[in-house]
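Enquirer: Sequence:
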Amino acid sequence: MSKANKLWKARVALPRRELQQTTEAIHKLGCVQLIDFKENDGPFRIGTPLRGADETSRQLVKIRGMLKALGVEQAEPTAVVSDPDVDAWLRDEMPSVDSVVSAYSKERGELESRTDDMEGELALLEPLEALPAGIRFDLENAVTLAGIGRKNTEALVLRELRAEVSKAKVKGGWAFAFLIDKRREARLREILTALNFKPIEVPPFKGALGERMRHLRAELPKARKRLGELDAQAKELCGKWSMKLLAAEEVLALRLEKLQAPLRFGTTDHFTVIEGWVRWKDAERVKAALGSIPGVPTHVEILEPGVADEPPVVMNTPRPIYQFEFLQKMYSVPLAKEIDPTVILAITFSIFFGLMIGDFGYGLLLITLGWLLRKRTLFGIGGKAVGEIIMTGGIFATIFGLFLFGDALGIPFNPPPLHPDEYSWSGIFGVQIPITSYVHKLEAGGVIHLMIFSIFAGVVHMGLGLVIGAYNQRHEAKHVAAKAGWMLTMIGFFLLVMKMAEKNDLGGWLTGTFMFNIQSSAFPVFGIQIPYLTPPLLVIGAIVLVITEGYTALLEMISMLSSIMSYIRLAAIGVAKAAIAFAFNLMILPMVLGGVWYMVPIGIALFAGAHVFLLLLGALSSGIQALRLNYVEFFQKFYEGGGTAFVPFAGSRRYTKE
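Each residue of the sequence shown is one higher than the one before, starting from 1 at the first, in this note's numbering.
Derived by calculation from the structure, the hints in this document are not laboratory data. The beta-carbon is built from N, C-alpha and C at its ideal position, and this holds for glycine as well. Heads up, a few of these hints could be off.
Pairwise CB distance ranges (calculated) [said to hold, decoys possible]:
hint, residue 1, residue 2, range
1, K384, G173, 55 to 61 Å
2, P417, I543, 20 to 26 Å
3, G30, S621, 49 to 55 Å
4, R319, V600, 19 to 25 Å
5, D505, G30, 35 to 41 Å
6, T513, A481, 29 to 35 Å
7, I558, K68, 53 to 59 Å
8, R217, L195, 29 to 35 Å
9, K28, S332, 30 to 36 Å
10, K171, D98, 49 to 55 Å
11, K28, I302, 16 to 22 Å
12, K68, A481, 53 to 59 Å
13, L195, R628, 39 to 45 Å
Whole structure, please, built from the sequences with the hints as guidance.
Expert: So, in structure tokens, the structure goes:
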């Protein structure tokens with residue numbers, strides 16, 4: 001838990017003609033975030049791209065078009081190529097590759113459109129297939145209106161108009177084709193609309209209905225076959241050129257970024273001013289590098305941010321938990337003036353997630369799943385950050401499962417004392433496993449222990465949030481007082497809850513060890529023991545909140561109690577998962593251990609499938625609830641957010657090297 005690194009403003013003034021070398025130098029440094037220049041009434045205006053930007057942009061658009069046409073996705077590079085090699089490929093081979101890909105893309109686009117049209121037309125005509133095959137829709141002086149109606153539609157139409165009618169019984173009603181003089185078409189449509197007739201707007205075609213349907217059914221398989229051939233061709237082209245195209249895209253994108261950088265600078269006819277944000281540790285290096293470009297006279301300043309400046313944020317996250325920046329940024333980037341809560345988020349998310357899973361076997365499976373997801377995706381979920389977060393949660397689930405709950409895959413290592421005949425790993429393997437279960441999630445005592453621990457953890461969690469909020473706003477006495485009012489309110493409600501829990505062994509230990517039994521003295525109200533400290537704490541808290549936040553705060557005070565109780569979800573998710581696992585095991589284990597040989601493989605398959613399903617469901621629900629407790633109950637006590645992440649003007653390379 002720390003504040004983000006402070007950033008300083010770098011300002012560089014140089015002759016306009018030397019802009020390319022300076023831009024290259026800044027990009028190579030890779031530690032300056034450019035500040036977009038905003039035009040005003042002064043002499044400076046927004047700059048223009050460097051020479052070659054238009055051609056580079058045109059090439060990049062063409063390369064990306066080819067990547068999209070072939071369906072090329074990011075992949076591990078088979079070889080890293082140099083910039084000169086990419087330039088040679090762009091010059092010598094890219095035109096012929098573009099010609100082949102363009103021809104493929106054009107044919108596939110036209111064929112796909114034609115196939116869609118034929119499929120749509122066939123779907124329209126199929127309800128009319130029962131009608132006479134000789135019906136035509138291309139007559140000059142007459143029109144054929146077709147559709148689905150009721151059996152009496154024909155009689156009702158012929159009462160008012162003379163028309164040639166064809167009809168046939170079809171699914172959902174009767175198919176009709178009305179042949180009528182074009183001059184009477186409008187009136188026929190009015191009558192059919194009044195009869196709730198469902199018209200079928202047949203696309204124009206030459207010939208009879210039967211001929212058209214035979215033609216479509218003959219041509220559609222040919223078109224689909226050709227599409228398959230084109231897909232195979234695309235796969236072949238992709239295998240041949242994908243790495244070259246990805247390398248070219250990388251080089252051109254980096255090059256274009258530098259060539260278009262002057263659009264972010266302020267310039268006159270003769271001079272250019274570049275501004276950017278740098279970390280203090282990089283300031284001297286930036287000043288030295290930009291002040292010593294051969295043949296380029298530059299003036300470099302390092303300035304403190306002004307009052308009106310809004311610098312970006314460098315999140316100061318320790319390396320071992322760096323992956324949790326993903327969850328923090330998913331909510332919001334912290335402001336430079338406030339404490340970065342990523343470290344607390346990493347710790348509490350992992351503990352909450354691990355407690356809800358709380359199973360040695362599931363923990364090991366989650367560690368394995370996280371390791372796999374670091375470089376793969378499952379249902380669109382994956383990546384290094386996600387994989388490592390799941391691995392961390394799996395480690396905590398393993399620890400809780402081994403040392404607190406003493407179970408794996410919903411089966412305890414040793415049966416609980418009250419249920420000695422329950423399935424256990426010691427009983428299954430016939431070996432005494434020296435692992436004790438201190439909390440049994442499916443016994444009343446264990447559930448109460450989990451609820452008490454959840455509430456205690458929630459108060460510590462929210463209390464920390466209020467303390468951080470007071471620190472962030474320490475220069476504003478009113479806001480600090482408001483945080484104190486909420487803290488008093490929370491403690492008042494907490495004492496009331498812990499008074500109810502003090503007779504439980506865990507509740508008694510927590511109140512005696514951490515609270516010095518301050519809740520023990522109480523008076524009864526309608527049979528409920530109210531600690532003597534609760535009313536004054538709530539009253540003082542209410543007075544402070546009314547003074548600092550207004551009378552509406554009184555209506556929100558009860559929300560503090562609901563926030564405390566919302567942490568019971570930690571116990572609820574864990575108990576629910578354990579109950580489902582127990583039910584699965586109760587149904588499936590007799591198949592595996594029953595002694596009928598042919599049921600063993602079936603039972604093992606069902607056991608594996610059931611627990612994989614429960615693992616995914618449990619991980620999803622536990623992850624969502626652990627995030628919710630941090631995002632809602634914790635962050636709302638102090639976190640403002642809305643900052644901008646520090647993104648240096650630099651390029652990352654994967655497929656190429658300079």
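Enquirer: All hints, please: hold or fail.
Expert: Structure-based check of all given hints:
1. K384 - G173: 55 to 61 Å: holds (58 Å)
2. P417 - I543: 20 to 26 Å: violated (51 Å)
3. G30 - S621: 49 to 55 Å: violated (41 Å)
4. R319 - V600: 19 to 25 Å: violated (47 Å)
5. D505 - G30: 35 to 41 Å: Cβ of D505 to Cβ of G30: about 58 Å, so the range 35 to 41 Å is violated.
6. T513 - A481: 29 to 35 Å: About 31 Å separates the Cβ atoms of T513 and A481, which means 29 to 35 Å holds.
7. I558 - K68: 53 to 59 Å: About 55 Å separates the Cβ atoms of I558 and K68, which means 53 to 59 Å holds.
8. R217 - L195: 29 to 35 Å: holds (32 Å)
9. K28 - S332: 30 to 36 Å: holds (32 Å)
10. K171 - D98: 49 to 55 Å: holds (50 Å)
11. K28 - I302: 16 to 22 Å: holds (19 Å)
12. K68 - A481: 53 to 59 Å: Since the Cβ atoms of K68 and A481 sit about 58 Å apart, the hinted range of 53 to 59 Å holds.
13. L195 - R628: 39 to 45 Å: violated (56 Å)
The earlier numbered hints that this structure contradicts are 2, 3, 4, 5, 13.
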